[in-house]
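A.B. asks: For reference, the chains in residue letters:
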Amino acid sequence: MKNVKLHLIALGLVIISELIGIIQIPVGIGTIVLLPMLFAMVLGILTTPKFLKIAKEKEMDDAGSLIGLTLMLLMAKYGTNIGPTLPKILAASPALILQELGNLGTVILGVPLGVIVLGLKRETIGGAHSISREPNVALIGDKFGLDSEEGQGVLGVYIVGTVIGTIFIGLMASFLAVNTPLHPYALAMASGVGSASMMTAGVGSLIAVYPEMEEMITAFGASSNMLSGLDGIYMSLILALPFSEWLYKKSYKFKYKEFPEPPMTKEEK
Amino acid sequence: MKLRDFIVILLITAGISVVGNYIGYKVNPIEAIPGMLILVGIAVAGILLSKFIPVKIPSVAYIVTLSTLLTVPGIPGSAFITEHVAKVNFLALATPILAYAGIYTGKNLDSLKKTGWRIVILALVVMIGTYVSSAIIANITLKMLGQI
Chain A
1 MKNVKLHLIA LGLVIISELI GIIQIPVGIG TIVLLPMLFA MVLGILTTPK FLKIAKEKEM
61 DDAGSLIGLT LMLLMAKYGT NIGPTLPKIL AASPALILQE LGNLGTVILG VPLGVIVLGL
121 KRETIGGAHS ISREPNVALI GDKFGLDSEE GQGVLGVYIV GTVIGTIFIG LMASFLAVNT
181 PLHPYALAMA SGVGSASMMT AGVGSLIAVY PEMEEMITAF GASSNMLSGL DGIYMSLILA
241 LPFSEWLYKK SYKFKYKEFP EPPMTKEEK
Chain B
1 MKLRDFIVIL LITAGISVVG NYIGYKVNPI EAIPGMLILV GIAVAGILLS KFIPVKIPSV
61 AYIVTLSTLL TVPGIPGSAF ITEHVAKVNF LALATPILAY AGIYTGKNLD SLKKTGWRIV
121 ILALVVMIGT YVSSAIIANI TLKMLGQI
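So the protein lines, in turn, are chains A and B. Going by this note's numbering, the first sequence opens with residue 1, and the numbers climb by one from there. Going by this note's numbering, the second sequence opens with residue 1, and the numbers climb by one from there.
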């Protein structure tokens, strides 16, 4: 809390990252946009004991407990972008609500790949039923326990998402914005996956490409992200998890020519 | 955590953001500070609301709702808030968060190594799946609504 060293490291990271600034790299047909926040994250990892040893165990722990709080100013800023555009957001609400079903695309792609190609078992259900952010980890933990195969899956995807998710979503947003006919507003809505940092990376990359659309892009991203936070857990529970179970059985049968063992919920163990 | 600690942390983050806002986006700190203080005020109000309203809603939801309502055109003071907050670049607010997140991520590197490459591939596909399908659905719906 009163960890002055941590805040000084953070200040140093911010200064270096902002001095580097926004870098746009043309790659073949498109552009990759690298934002200061990505540099801050990568440099932040480099300060930890495995690398430069500037930040110690204590700084890492304190940083972890502060992330939630540091997000609040950004959230307040998002609201101030939604307010002035509220009539437009409301007019677009059917799109905002329907794109939440995009979560099921995760299941359709992820479950067969996990079972058939990667040879994973029930880890697939935990890891591919959703994008595995905090509410999903909580849900799987509640239903199967985090020490179960499903729990291993959801935690694994959660950790990968935390480490490279922001970078990956940012790259994907700018790549799709430049190389596909998908409109920046649609990509902004898609960026709201229920993780503020991923959404910010997605939205930030879009703004770097389309600065004149900043207000609407951030407003759509933030409102979609809020919606994901609100409905994400119900979506997982009612639609995505049962659908994952069903597709898991089909994929399992396809690969091993027999049906899998029936799943065990926490109560049955 | 006590409310005082919350405020101190918010002010520290705000201070770091003002520096970033100056270096990265060339906004004079004197101009950015009022907007930044408004954001701190909204955040504190949101935290207080979640403390005193007995329904279990995270403070983040109150903060976004509050700042949305305060900036709807026609609400008294909305023009003032919008004008000042506009001086704070939103990318400048994001950089400090990711700095802290990066420092924290150093802790998770080992467990990431343990989960293995198959989970890494699964995670990438999961992200592509969610992102691309949401974007396609949103694009089709926005087109049908005539908004793009």
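Calculated directly from the structure, the hints in this document are not laboratory data. Cβ coordinates follow ideal geometry from the N, Cα and C atoms, glycine included. Mixed in with the good hints there might be a few duds.
[Unchecked claim] Stretch-level coverage of chain B by chain A, calculated; a stretch enters the list once three of its residues show a Cβ under 8 Å from a Cβ in chain A: (1) 43-55; (2) 61-74; (3) 85-93; (4) 102-109; (5) 119-130; (6) 133-140.
A.B. asks: Look at each hint and say if it fits the structure.
C.D. replies: Hint by hint, here is what the structure shows:
Under the rule that three or more residues need a Cβ within less than 8 Å of chain A, the assignment of the region 43-55 of chain B holds, with 3 such residues. Three residues within the 8 Å Cβ limit are the bar, and the region 61-74 of chain B against chain A gives 12, so the coverage statement holds. Only residues whose beta carbon comes within less than 8 Å of a beta carbon in chain A count, and the region 85-93 of chain B has 6; three or more means the coverage holds. With a cut-off of 8 Å between beta carbons, the region 102-109 of chain B has 8 residues touching chain A; three or more are needed, and the interface restraint holds.
With a cut-off of 8 Å between beta carbons, the region 119-130 of chain B has 12 residues touching chain A; three or more are needed, and the interface restraint holds. Here's how the region 133-140 of chain B fares: 7 of its residues keep a CB closer than 8 Å to some CB of chain A, so the rule of at least three is met and the hint holds.
The earlier numbered hints are all upheld by this structure, with none contradicted.
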